[in-house]
Amino acid sequence: MATASARHILVKSEAKCLELKASIEAGGDFAAAAREFSDCPSGARGGDLGNFGRGQMVPEFDQVVFSAPLNTVQGPVKTQFGYHLLEVTARKD
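Per UniProt numbering: the sequence shown ends with 93, consecutive numbering throughout.
Don't take every hint at face value.
Calculated lysine to aspartate or glutamate pairs in the DMTMM-like style (CA-CA distance at most 20 Å, straight line) [as the list claims (entries may be wrong)]:
(1) K78 with E60
(2) K78 with D93
(3) K12 with D39
(4) K78 with E19
Restraint ranges, calculated between C-beta atoms of paired labels, are given here [stated by the list, open to error]:
(5) A31 with F52: 12 to 22 Å
(6) G27 with M1: 29 to 39 Å
(7) D93 with E36: 27 to 37 Å
(8) E36 with M1: 15 to 25 Å
(9) E36 with F81: 27 to 37 Å
(10) A26 with A2: 26 to 36 Å
(11) E19 with D93: 11 to 21 Å
(12) N71 with D39: 18 to 28 Å
Note that these hints are calculated values from the structure, not bench results. Quick caveat, the model's predicted, so the values are computed rather than measured. Cβ atoms here follow ideal geometry from the backbone N, Cα and C, with glycine treated the same way.
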């Protein structure tokens with residue numbers, strides 16, 4: 001079974017998500033942004049979601065995690081929870 005490790009930042013608005021993405025891409029720290037701004041409890045861990053298999057996350061999230069290049073910031077990805085920035089840190093098929 002395919003597995004991945006990823007981290008994410010969850011916010012309520014697309015505008016905030018885009019603002020954080022621009023900041024990170026300009027050299028900001030993903031983990032620090034997650035700790036400060038993420039609405040998900042994983043924010044306390046720098047957004048780290050650990051290891052998970054295909055189908056364990058909502059479909060919109062899963063699609064990005066199992067197709068995006070490693071170590072690049074993806075998003076905004078809209079789900080029922082809000083807007084996510086994602087970074088896939090590892091993947092195994």
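Violated constraints from the hint list, given by number and in increasing order: 2, 8, 9, 11
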